[in-house]
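Asker: One line per chain: the protein sequences are A and B, in this order.
Each residue of the first sequence is one higher than the one before, counting from 1 in the UniProt record's numbering.
Each residue of the second sequence is one higher than the one before, counting from 1 in the UniProt record's numbering.
A few of these clues could be false.
Said to hold, decoys possible - Under 8 angstroms between C-beta atoms, here's a sample of chain A residues computed to sit facing chain B:
(1) Gly-256
(2) Trp-329
(3) Ala-667
(4) Thr-669
Simulated from the structure, these hints should not be mistaken for laboratory data.
Here a beta-carbon is modelled for each residue, glycine too, at the ideal position from N, C-alpha and C.
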Amino acid sequence: MDNEPAFFETNGPGTGGIVGQPLDRVDGFAKVTGQAKYSAEYKLPGLTYGVLRTSEIARGKIQSIDTSVAAKEPGVLAILTHLNLPKLAKTPNDPDSKKAIGAPMGFLPLTSDQVHYAGQPVALVVADTYDRAVHAASLVKVNYAVEKPVVSFLDPKAQVFDPEKVQDGKTPGHTRRGNPQEAFAASPIQLTATYEHAINHHNPMEPGATTAVWEGPDRVTVYESTQGVTRTQKALSAMLGLPTEQVRVVTKYLGGGFGCKGSTWPHTILTVQAAKAVGRPVRLSLTRPQQFTSMGHREDQHQTLKLGATREGRLTALIHEKTSTTSPWDNYAEPNSRIINLLYNCPAFESTYQLGRANVMTSTFTRAPGEAPGSFAIECSMDDLAAQLGIDPLQIRLLNYADKDPTNGKPWSSKSLKQCYARGAELFGWSKRNPKNGATRQGRYLMGMGMATASYPVHNNQGTARIRLYADGHALVQTGATDLGTGTYTVMTQVAADSLGIAPDKVRFELGDTRLPTAPNSGGSVAAGTVSSSIYMAAQDVWQKLTKLAIQDKKSPLYRAKAADVVAEKGRLVLKTDKTKGEDFMALMKRADMPDIEGSGQGKYGAGYETGRAPGPADSGHEDDKGGHSMHSFGVHFCEVRVDPEVGTVRVTRWVSVHGAGRILNAKTARSQIIGGSIFGIGNALMEETFRDPNLARYTNASLGEYHIPVNADIPDMTVEFIDEHDPYINAMGVKGIGEISMVGVAAAVANAVFHATGKRIRSLPITPDKVMNSLAV
Amino acid sequence: MNLDTKGDAAGTPHNSAPEDGTRRSFIKQAGGILGLALAPPLISQAERLTAFSKTVEGVSTMTLKVNGTARTIQAEPRVSLLDALREYLDLTGTKKGCDHGQCGACTVLVEGRRINSCLTLAVMNQGKEITTIEGLAKGEELHPMQQAFLKHDGLQCGYCTPGQILSGVACVQEGHATTDDQVREWMSGNLCRCGAYPNIVAAVREVAGKA
Numbered sequence: 001m002d003n004e005p006a007f008f009e010t011n012g013p014g015t016g017g018i019v020g021q022p023l024d025r026v027d028g029f030a031k032v033t034g035q036a037k038y039s040a041e042y043k044l045p046g047l048t049y050g051v052l053r054t055s056e057i058a059r060g061k062i063q064s065i066d067t068s069v070a071a072k073e074p075g076v077l078a079i080l081t082h083l084n085l086p087k088l089a090k091t092p093n094d095p096d097s098k099k100a101i102g103a104p105m106g107f108l109p110l111t112s113d114q115v116h117y118a119g120q121p122v123a124l125v126v127a128d129t130y131d132r133a134v135h136a137a138s139l140v141k142v143n144y145a146v147e148k149p150v151v152s153f154l155d156p157k158a159q160v161f162d163p164e165k166v167q168d169g170k171t172p173g174h175t176r177r178g179n180p181q182e183a184f185a186a187s188p189i190q191l192t193a194t195y196e197h198a199i200n201h202h203n204p205m206e207p208g209a210t211t212a213v214w215e216g217p218d219r220v221t222v223y224e225s226t227q228g229v230t231r232t233q234k235a236l237s238a239m240l241g242l243p244t245e246q247v248r249v250v251t252k253y254l255g256g257g258f259g260c261k262g263s264t265w266p267h268t269i270l271t272v273q274a275a276k277a278v279g280r281p282v283r284l285s286l287t288r289p290q291q292f293t294s295m296g297h298r299e300d301q302h303q304t305l306k307l308g309a310t311r312e313g314r315l316t317a318l319i320h321e322k323t324s325t326t327s328p329w330d331n332y333a334e335p336n337s338r339i340i341n342l343l344y345n346c347p348a349f350e351s352t353y354q355l356g357r358a359n360v361m362t363s364t365f366t367r368a369p370g371e372a373p374g375s376f377a378i379e380c381s382m383d384d385l386a387a388q389l390g391i392d393p394l395q396i397r398l399l400n401y402a403d404k405d406p407t408n409g410k411p412w413s414s415k416s417l418k419q420c421y422a423r424g425a426e427l428f429g430w431s432k433r434n435p436k437n438g439a440t441r442q443g444r445y446l447m448g449m450g451m452a453t454a455s456y457p458v459h460n461n462q463g464t465a466r467i468r469l470y471a472d473g474h475a476l477v478q479t480g481a482t483d484l485g486t487g488t489y490t491v492m493t494q495v496a497a498d499s500l501g502i503a504p505d506k507v508r509f510e511l512g513d514t515r516l517p518t519a520p521n522s523g524g525s526v527a528a529g530t531v532s533s534s535i536y537m538a539a540q541d542v543w544q545k546l547t548k549l550a551i552q553d554k555k556s557p558l559y560r561a562k563a564a565d566v567v568a569e570k571g572r573l574v575l576k577t578d579k580t581k582g583e584d585f586m587a588l589m590k591r592a593d594m595p596d597i598e599g600s601g602q603g604k605y606g607a608g609y610e611t612g613r614a615p616g617p618a619d620s621g622h623e624d625d626k627g628g629h630s631m632h633s634f635g636v637h638f639c640e641v642r643v644d645p646e647v648g649t650v651r652v653t654r655w656v657s658v659h660g661a662g663r664i665l666n667a668k669t670a671r672s673q674i675i676g677g678s679i680f681g682i683g684n685a686l687m688e689e690t691f692r693d694p695n696l697a698r699y700t701n702a703s704l705g706e707y708h709i710p711v712n713a714d715i716p717d718m719t720v721e722f723i724d725e726h727d728p729y730i731n732a733m734g735v736k737g738i739g740e741i742s743m744v745g746v747a748a749a750v751a752n753a754v755f756h757a758t759g760k761r762i763r764s765l766p767i768t769p770d771k772v773m774n775s776l777a778v
Numbered sequence: 001m002n003l004d005t006k007g008d009a010a011g012t013p014h015n016s017a018p019e020d021g022t023r024r025s026f027i028k029q030a031g032g033i034l035g036l037a038l039a040p041p042l043i044s045q046a047e048r049l050t051a052f053s054k055t056v057e058g059v060s061t062m063t064l065k066v067n068g069t070a071r072t073i074q075a076e077p078r079v080s081l082l083d084a085l086r087e088y089l090d091l092t093g094t095k096k097g098c099d100h101g102q103c104g105a106c107t108v109l110v111e112g113r114r115i116n117s118c119l120t121l122a123v124m125n126q127g128k129e130i131t132t133i134e135g136l137a138k139g140e141e142l143h144p145m146q147q148a149f150l151k152h153d154g155l156q157c158g159y160c161t162p163g164q165i166l167s168g169v170a171c172v173q174e175g176h177a178t179t180d181d182q183v184r185e186w187m188s189g190n191l192c193r194c195g196a197y198p199n200i201v202a203a204v205r206e207v208a209g210k211a
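One chain only, chain B, in its complex shape (with noise of 0.2 angstroms):
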């Protein structure tokens, strides 16, 4: 693990660091602990499974409530809900960039709370409300986060943009975009490497100041 140089980002206290098994708390955990299945975030991971533990095996049918719509998809129980995203609904929106939940470009919203899909299996979010990239604007009309990336030239390949744009509007939803400094420290589970940071902070915080 590094020396933690990110945890000490400029003014934030230490204890306003996601805790809430988001990327980085989640690495954390997995990194320190591994094995230690009894890890409180584990746990709940654990429960939620068991709350669909009805035996799947082979190709199933499952249905997915993806941007308001449910669609029905036949796919084995392995398969991440980022790949049932990409590979069997052609939403290509939500990328993969590591398949590891170690860059944030798979981020998509499930119930409202921004995760990784590429942790996560399609079966187990099933009932749940998911949005991608492709749910976020009404139409032809963009939702503010991403007028506010094109306007601030928050992207550049564009690659890792919808899970930021995605990860900016939870961002702003769980008040963690307050100050510039809390924006970095709570978008840092997105990785940008063409470096559009300083355009991401500035397009979060417009939004979070007109929210």
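So that you can see chain A by itself, here it is in the shape it has in the complex (with noise of 0.2 angstroms):
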């Protein structure tokens, strides 16, 4: 375990079968009893209530803002505006800070009197309740300098351009492998389609929440709602020019978050500044409101995807031109090309990136940033190239199935897509799908199955974990990751029981908080497999120190025994060649007086796992590609809709995901993950859309009432299953991630189970009522 990676075996030594088992999970019993401490919910001595107050206008000129009727409220403690914000020692405004903090966006509101976007704060004001607060806001006067601002890319006033590089560098302007122009000319089957996206926002139920105290002059600790303490640690520690260790992040539990809490976003700084301003803690919550404009959101977008087939259905070329919205300051764009170029065995491809810059915020990852979108487009086009040619469209996939990755010509480490598919088809009954689009009725409903693809990478990432191993048999793990509600607390509970050989009511696991070892951001789907492995190494640490003092120890049964020779296994250490040869780690350190033993360790998740080579600066998506094999999970979700056509409403009906996604560690937790992950990207198919005012650039349905997620009543059961899939490349304990594969695909799947229900292509999303009526009256 020196020198190559290790690996967990599932029955191997040291585990005791409970890594994959369906346990409850472990911080449910806080959860349902409503004891479970969010970041908002810290009870302080001396806590004070933050509130921003939110530019009307999307662009212009702060001339003037009267803050003195709003001071003089009962309980108003101070007001900050760019006129007073104590000053930060760095501040996102130019890209170097930028890029020092890690901040998603270029701009810190109350650093000037400019106005980029409705929705900016222009003050928060700080009272001693939280209605004094809000009502002392709504007091503050703001005089605009009000311009005509830009609204998305498609208006006339944006400047478009070819970016040299999009989604904070890490992905380029422009791709190209073969002569896709020229193997698209001379294909016979030759498909154009654009694919249309509206604005997406995350709306975790959790809205963000900043709790800052500031616990000495230059000592602030800061109970925050995001997917990173370490991130937000360091934002913050540049931002207010102090040495890492005095800025604490705490985030015991998280409302949900789908990326919008994985970067460190203004109110949180600003929320500190006010701290510091009153001298008390201040508690900052957004409103629902605020959250559409504080956090980012997935940008509007088009793409156009030229797919070139020989007419037995084989690709020949895919070039797909993506042109969305940013921000006045930063060049963000998904990735949509990297699952494009990387689905079907096709020898030629292209991709370019068109930004357009308008009065919005940044935009920023969403659960399956790339992927989702650009699932939309290839498994779509994969299914019109199916209906030309009449072929089944699960067939036309199996017919450009990748055996190597089409983009860099290496093996995979595992890919189980086929049994996917095979699995998948049998539980949904694929087989009595009827061949032809428009066909199926019940009733005066129109009937449609779909099916998609689903891929995501194995992002290459590492993390450290602590173990502290009690001669009475318990055990405290732990690492500062965060649990979204994805399952960490109890995933990883059970691969610190297995890898100690101790039941998991002996384990207590803790995340959350900077003071614990560094662990990534729950984001890209890295924490399960980044995570878990830094725990198994952790406990491999403290096996060895044990060995090493079993073997020193006349009277251990395994005196004078070379360590390579000793194994641990459930709990005890004993030889390889005779496992009657040994004793469990109590008597081992009871004997030798040891109250308790710690080891620590890293986990390599991705390439650098293979490699063994640090992540790099960046996470997720950095040096992907840098390892032997290219890694990444497949699955395959099935769709059945109902579809109206008098009012043109769309029910899903039945839903079936298969995934192979590595090694499980809870049937329970991951088959929800996979649900609602699925869940969300049927809301992305069917409703979720962000109006942006074409004249003003606001947002017209910035609330859960009018923003519309899927509700119980619009979902149906649904089955998921898991391959069962060993990779030995991916990290120690063999995981892929899967909190966004879970919805790549899913709008393709319902979006070609409408165009098998009413023959008609919808390319635009949400398919709401309007668009299914219009396709059906041409």
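Both chains come to you apart, so use the hints to assemble them.
Answerer: Structure, rendered in structure tokens:
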């Protein structure tokens, strides 16, 4: 275990078979009893409340801001504006500082009199009660010199340009493989289609929230609703000019994130500054409308995909162009091209990104960034190809199955997609699908069946964990990870229990605090694989130390054994050759008068595990392709819809998802996560759309009443299965994340089912009743 | 308003939709005929207000009976029941997801009936029996609905969960949990962004089956 990567065998040494079991959530009791404390729920002495006043206009200049009336209100303690915000060591307003901070947006409100987007904070009011702060914020008078905003990339005023790179420099603006233009021109089958995507908002149930407490003049604790305490700590310490360890960030419970809590947004640092200004703790929760303009969104975008194929249905060329809206400062676009380049065996590929600057805040990663909209384009076009050639949609995918990564020719570390297709088709009853589109009726309804492939990369990352094993048989396991609701608390308890050979109820697992060892952001599906591996490695460290102890202990049955001959098995150290010879760790530690022993370990996820290299300064996406294998999870979604041709409503009536995602750590929470991602995708497919006023560039439906996410009545029972997949290349646990792949391909599966039901292709998300009615009228 | 894609929930007769002043019908009323204060549910709201018609201004003392215990707070009359629970009584199990009666995260039981605690003022709820998630279990012994949510994994992040559980308790008591489709319809006032809906249906149905 020193040089070669360790790999956790399910039934091998040290395991009790707990990993994979459908254990109930270990944090479930706290959550069903209301005891779980989220970031805006810490009762602190002297607590005050911060409320943002945000801009009603999308573009212009603050001519004057009058806080005098508001300041006289009872209980008001401070009003921060651009005129008096305490100075920061760094702001993201210049590109180098933005990079140092790791800020998602190259502008910090309250640092200038310029207004760049509607909803931009212009003042932060602190008062002794929430209601007083809300009222005082409404009394701040702001006079603007209003300018006409640019609304989106479609606005004729928008500057549309070809960026060198998108996604904060992680994705090239232009990629080419083979001779795509020539290959397309020479293809007997040529399909060109444009796909439109509405703005989507993550809308976790818990809005963004910060509680900031200055423990001293240069030491601050921040209870933050974030997917990564370490990243928040880094951002805050850079902006405040404080040593890292003087900024503590705590996130014990997180009310969902879906990407919007993966970065440090302006309200967080503003709250920290407000707490400094009033000398008391400040709690700030975004209101739901503010949530729409404070933590990013999935950008509005058009994609044009040209697909060339032979008459037999084999792909010859894929040419992808994406144009999307970005903010005045940043070149952010989801990397849609990644999945289009990768999913099928195709000799020629090209992708181009274009951006249009508008008066919006910067968009950000939203569950399956790039893969979700990219899969919509490729998977609808593949369906079109199947329809045009009269080939079954599943068959066309098998025909173009990629046995190795078409982007670099590398073998897959593992790929169970064929098994996923077969099992999914069987569970769904795909063979019963009518080969004709628009030909299946159930009463007055049109019925349709659709499917789509899913895939998501194993991003390169790493993290650390610490274990303190007690002689009484208990263990404290710590790492600064977060649990978005994904099940981190639960699955890591299982991994620790198996790695140490003790029962899960003997493990106390702590996360969500920068005082704990560093773990990656929970994003890009990296958490499960990285954190589980780091815990496993920490356990190996403990066993190595105990082995050393045993072989030097005259009273141990392992006295004078070679360390290399000793293995850990179910809480015991035993000889490899004779497993009856050995002892449990408790006996060993008690004899040595050791109340506890500590171990720590580093877990590598993705290419770095195979190569042994560090993941580099950035996270997800950095050096993903440096290993000898191409690392991705794959899966498939099958969907049945019922379309009402009289009013255009689409209902999902049946759903089957089958994924191959490495080792599944907990069958119950994994199933829930796939269901949840599919529902997220059904929202994206059928209802989610934030409207920007075409003149004012303000969101017109920034509420949960008008931004529709799926409700219980929208969702049928769902079937989820996993293919048993063993992948020794990706990390010590053989785990691929499932948070994102769960929604990849979902919108396409729904759209393909609608196409099958009606015979009409809708390429604009969401597929709302008006679009269905229009399509039927043609 | 939407084209009522939700109203045509699989097989649910239209007349079984909630019309008793809960979130959905309230939004329908408010959205459709805003300002027509004579719509029936609003009359009853007004009557309730009249019952406490003494003028209250500034910070005053109010007593709320929460989970069987009378608790006294000093608060302004504009404080919602939700904020009173969270900010004045440190009962943070009741969640704020939207503060507009649109998400159901703040669902509590008042006199045994589920309401959105963000849509009512604390001062109006004096003298009423208020049950929050903290009052559902008997010590370490969980309420059957809490147990069922754990067993069926009817939660992920947990933020909508207290509201879902209290809504589920009321849903069963109302007799609105006799089929899966009925549960889907009558639990649709409680949003879950993690997408635990199928598991929530399973949990509520299990409890209904035992009731």
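Asker: Using 8 angstroms as the Cβ threshold, decide whether Thr-669 (chain A) counts as touching chain B.
Answerer: Thr-669 (chain A) check passes; min Cβ-Cβ to chain B is 7 angstroms, inside 8 angstroms.
Asker: Holds or violated: is there a CB of chain B closer than 8 angstroms to the CB of Ala-667 (chain A)?
Answerer: Violated. Min distance 10 angstroms.
Asker: For the restraint on Gly-256 (chain A), tell me whether the closest CB of chain B is nearer than 8 angstroms.
Answerer: With a minimum Cβ separation of about 4 angstroms from chain B (threshold 8 angstroms), the hint on Gly-256 (chain A) holds.
Asker: Would the hint on Trp-329 (chain A) stand, with a C-beta cut-off of 8 angstroms toward chain B?
Answerer: This interface hint is violated because 29 angstroms lies over the 8 angstroms limit.
Hint compliance for this structure: hints 2 and 3 are not met, and every other hint is.
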